[in-house]
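**Student:** Heads up: the sequence lines are chains A and B, in that order.
Oh and the first sequence: position 63 is 63 in the working numbering, straight run, nothing missing.
Oh and the second sequence: position 19 is 19 in the working numbering, straight run, nothing missing.
Misleading hints may appear alongside valid ones.
Here are the simulated DSS-like cross-link-like pairs (lysine-lysine), alpha carbons at most 27 angstroms apart as the crow flies [stated by the list, open to error]:
hint : chain 1 : residue 1 : chain 2 : residue 2
1    : B       : Lys310    : B       : Lys204
2    : B       : Lys204    : A       : Lys29
3    : B       : Lys232    : B       : Lys188
4    : B       : Lys221    : A       : Lys29
5    : B       : Lys251    : B       : Lys237
6    : B       : Lys237    : B       : Lys310
Hint data in this document are derived by calculation from the structure and do not stem from the laboratory.
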Amino acid sequence: MVKSEEELSWRDLEVGCVVSDPGNASQYKTGDWRSMRPVVNKANCIRCGICYIFCPDMAIRKTEEGYFEADLYYCKGCGICEQECFTRCISMVPEEE
Amino acid sequence: MAKRVGVEVSIAAADAVGMADVDVVAAYPITPQTHIVEHLSELVANGELDAEFIPVESEHSAMSVCCGSSAAGARTFTCTSSQGLALMNEIVFIASGLRLPIVMILANRSLSGPLSIWNDHTDVMSVRDCGWIQVFTETGQEVFDHVMFAFKVAENPKVSLPVIVNMDGFILTHVIEPIEYWEPEQVKRYLPTFAPVNALNPDKPTTVGAFGMPGIYSEAKMAQNQALLDSKGEILKAWEELGEVTGRYYKPVETYKTEGAETVFLSMGSTGETVAMAVDELRAQGKPAGLVKLRLWRPFPFDEFREAVKGAKQIVVLDRAVSYGGPGGPVASEIRSLLYGEDNMPGVTNFICGLAGRDVTPKDYMAMYHRSEEMLKGRVKQEDYVFYGVRE
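Looking at chain A on its own, in the form it has when it is part of the complex (with noise of 0.2 angstroms):
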């Protein structure tokens, strides 16, 4: 996208508000709906992948280290990774300013 949403002025939008350029909904950052976030106490996670499995969004990520980590940039602290986690070592925490 040239131009983020706020720039554009009516007279810019396609016909029929079609998007001519597909996969721009990656650049939607969803992490400011947040209130909470998932911090991992790395000592209890045994890498098994399930609050990867589960995340509604596709914000876990795979760290090289074999770990799972949020992608602040997208999550929106649903907390459904801390409900599912085995090993109860995801925690959710306010997001402070």
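Dock chain B against chain A, hints included.
**Tutor:** Chain B only, in chain A's frame:
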């Protein structure tokens, strides 16, 4: 010279769609639209028309299929009435938002309840704000011509908007009229091949129907409204060209004996001919009556309408739908609104009549004329309207 045949208007309408070489028809049968869809199904089944006829399970699916096929670049047609339009309502608004040039004939019928299959305009008025171009027809010939017109305007890349052609249920759909069929050369001359502005294509992928966040939705609506307003110039051109091809010239607002008229009726659709008979009779009695027929409903032809009623002291608006609890019928409310604040604003009286096929005769229109004069002796308020002919 094109040949003139006696034919049921529904059959002629379907033949016109076939002659326009439609690619996809998706529709569900409903009275009084049925014969149009049946005949298109026959044309496809008999191999006379090379098109996909998709017999969907509901009107909601019909309009959904139409959106898909139009987005894929196929010339697309559907047809419905009343409850069918109500069921497809959700997708009707999407078609215009996505700027998909679908053509729909709406065989106007009243909305339930009470359940009724007869003619009025309650169905189309329920989608007044759906963003489609909307035209009304008065005769079978106008229906035939406006099928071609609708495809031409809708698919014009400068427009790219869906079009509703309104035809009164039974009064037009089920009568046999003399209709001049177009010659294939006329169709070819008038209607270019469909070249969509956007078409789903793996070589140039696009997302159609994406989410619009609060930061972009208002801009999207502004653009859509402007597109509908701007379509008027192309609509006028399409009528001009239609005249060159057929010799029949149409205007957004048609007038009948409005010269020197002090009281002007406003009608839409097939009632125009009956009102014209009342106007003739009133004129014979020396009364300065005239008639304005609104052919183009959306985009509203503001300039042409003001010009048509120039000099009129009163306008008698005939509404064939009810805006429950509102300031009058949907048409009268708009007429009062657009005339508000003008110098020498004419008085506007409003009669809700002809609901669900109730006959309204020239005598009735003459009675409305006289009642209107009486009403205007007092001060007519914005919200004044009359359910004409209702038994006390």
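**Student:** Look at each hint and say if it fits the structure.
**Tutor:** Outcome of the hint check:
1. Between the alpha carbons of lysine 310 (chain B) and lysine 204 (chain B) the distance comes to roughly 52 angstroms, so the proposed pair goes past 27 angstroms and is violated.
2. Restraint check for lysine 204 (chain B) and lysine 29 (chain A): satisfied, since their Cα atoms lie roughly 26 angstroms apart, inside the 27 angstroms limit.
3. Between the alpha carbons of lysine 232 (chain B) and lysine 188 (chain B) the distance comes to roughly 23 angstroms, so the proposed pair stays at or under 27 angstroms and holds.
4. A hinted pair counts as satisfied when its Cα atoms are at most 27 angstroms apart, and lysine 221 (chain B) with lysine 29 (chain A) qualifies at roughly 24 angstroms.
5. The straight-line distance between the Cα atoms of lysine 251 (chain B) and lysine 237 (chain B) is roughly 10 angstroms, inside the 27 angstroms bound, and the hint therefore holds.
6. The suggested pairing of lysine 237 (chain B) with lysine 310 (chain B) holds, with an alpha-carbon distance near 24 angstroms, which does not exceed 27 angstroms.
The structure shown violates just one earlier hint, number 1.
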